[in-house]
Amino acid sequence: MNRKTSDSLASVIFDRESADRGEETQASAEVAKQIDDFSQISDLLRVPADVAREDPFFVVRFRQRRDQMLASLRAVPPWRWVALRLIPIAVSAVVTAAAVLWISDDRIDPLVQLERLAVGNGVDDVTLESTEVEPVLRIAMGDL
Amino acid sequence: MADPDGVLVTRFRGGDESAFEALVKRYEVPLRKLAYGYLRDRMLAEDVAQESFLQAYQRLDSLGRVEAFRSWLYRIAINRAHDQLRRKARKREVAGEEGEERIRQMAEPGSPEQRLEDRDFGRRLGVYLAELPEKYRRPLVLKEIEGMTYAEIAEVLGWPMGTVQIRIHRARLRLRARAQELLKKGAGDEPKDE
Numbered sequence: 195m196n197r198k199t200s201d202s203l204a205s206v207i208f209d210r211e212s213a214d215r216g217e218e219t220q221a222s223a224e225v226a227k228q229i230d231d232f233s234q235i236s237d238l239l240r241v242p243a244d245v246a247r248e249d250p251f252f253v254v255r256f257r258q259r260r261d262q263m264l265a266s267l268r269a270v271p272p273w274r275w276v277a278l279r280l281i282p283i284a285v286s287a288v289v290t291a292a293a294v295l296w297i298s299d300d301r302i303d304p305l306v307q308l309e310r311l312a313v314g315n316g317v318d319d320v321t322l323e324s325t326e327v328e329p330v331l332r333i334a335m336g337d338l
Numbered sequence: 259m260a261d262p263d264g265v266l267v268t269r270f271r272g273g274d275e276s277a278f279e280a281l282v283k284r285y286e287v288p289l290r291k292l293a294y295g296y297l298r299d300r301m302l303a304e305d306v307a308q309e310s311f312l313q314a315y316q317r318l319d320s321l322g323r324v325e326a327f328r329s330w331l332y333r334i335a336i337n338r339a340h341d342q343l344r345r346k347a348r349k350r351e352v353a354g355e356e357g358e359e360r361i362r363q364m365a366e367p368g369s370p371e372q373r374l375e376d377r378d379f380g381r382r383l384g385v386y387l388a389e390l391p392e393k394y395r396r397p398l399v400l401k402e403i404e405g406m407t408y409a410e411i412a413e414v415l416g417w418p419m420g421t422v423q424i425r426i427h428r429a430r431l432r433l434r435a436r437a438q439e440l441l442k443k444g445a446g447d448e449p450k451d452e
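Protein chains in written order, with our numbering: chain H, 195 to 338; chain V, 259 to 452.
Everything labelled a hint here was simulated from the structure, so no lab data went into it. None of these values were measured; they are calculated from a predicted model. Wrong hints could be hidden among the right ones.
Selected chain V positions facing chain H (Cβ under 7 Å, derived; list incomplete) [what the hints assert, rightly or not]:
#1 R269
#2 E286
#3 D305
#4 Q308
#5 G380
#6 Y386
#7 I403
#8 Q423
#9 L433
By construction, the Cβ of each residue, glycine as well, lies at the ideal position given by its N, Cα and C atoms.
Based on the sequences and whatever the hints tell you, model everything.
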């Protein structure tokens, strides 16, 4: 007897799955009690007779549901069929575009940060300062 | 002798609609029983069986070996029943159980008191069965409700036979422990969620 069988001996005997008929007679009192309890549980779990009875209208109801299903599949216009298949592609395109934008923003950010670090107070100040700088080139051109 | 399922599947694939209806007739009761074993509800069991056949009808082309039709169909039904059970648990649907009870009482012999006691106990045990972890419930339902052998269950679930054997046993031990708790508490208390 392997370990699995000895662990589940009561079930193996109860289910008549044991190859060794001697196991049943050698079963301990505890195993015998388990078998008795399993038998009661099995009785209580038994499916009611009407559920286990063939229903002549089951196949009729199946036919109706199948026909409804097929009709609804046929009723879908071709443009809707195409649209339904295009939706995932459109969604993936939008997601890809958003991801690309996000990644490209990420690439710019370090540059902006570097600029801010170098100048001190931020880009706005840099712009302001740059407009106040004397237009050296124009003066030089005037001298000529 | 040729496998009847295989013959019917091949005929259906060849365009014979009546062959699929023959499969429906052949598996109507097993599928309804299986779904009932999961859900303990006649209406839902009927619905699960019907939906399983519709799914099989639509996807029969994806079935590889025609001889495996039975296992394939059972897997569809188990998954459907499992989904339904989850929905039921989510919505805390208890509607229908009282009606179920009355139908069962009318259908069974014995004194009304005895029937009530047995059925109440059986219903609670059904609730405990539904609460079992999936790995225990699946093989136990196939064993108790469908009467399959360990080898057949192993084929349907794709598990080794030793695993099937030990899980069925553990499922029973768990149910037995809950039944003993119930007996100690008496039949007055409602089962509580864990």
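Now the hints, each set against the structure:
A distance limit of 7 Å between C-beta atoms decides the matter here; for R269(V) the minimum to chain H is near 16 Å, and the interface restraint is violated. The beta carbon of E286(V) comes within 5 Å of a beta carbon in chain H, closer than 7 Å, and the hint placing it at the interface holds. With a cut of 7 Å, the hint placing D305(V) at the interface with chain H is violated, because the nearest CB-to-CB distance is about 10 Å. The criterion of a C-beta within 7 Å of any C-beta in chain H is met by Q308(V), whose closest approach is roughly 6 Å, and the hint holds.
This hint holds: G380(V) has a C-beta 4 Å from the nearest C-beta of chain H, less than the 7 Å allowed. Given hint, Y386(V) at the interface with chain H, is violated; its Cβ is 10 Å from that chain's nearest Cβ, farther than 7 Å. Restraint check, I403(V) versus chain H: the minimum CB separation of about 6 Å is within 7 Å; hint holds. The interface hint given for Q423(V) holds, since its Cβ lies 5 Å from the closest Cβ of chain H, which is under the 7 Å cut-off.
Nearest Cβ of chain H to the Cβ of L433(V): about 5 Å, under the 7 Å cut. The hint holds.
Violated hints for the displayed structure, listed by number in ascending order: 1, 3 and 6.
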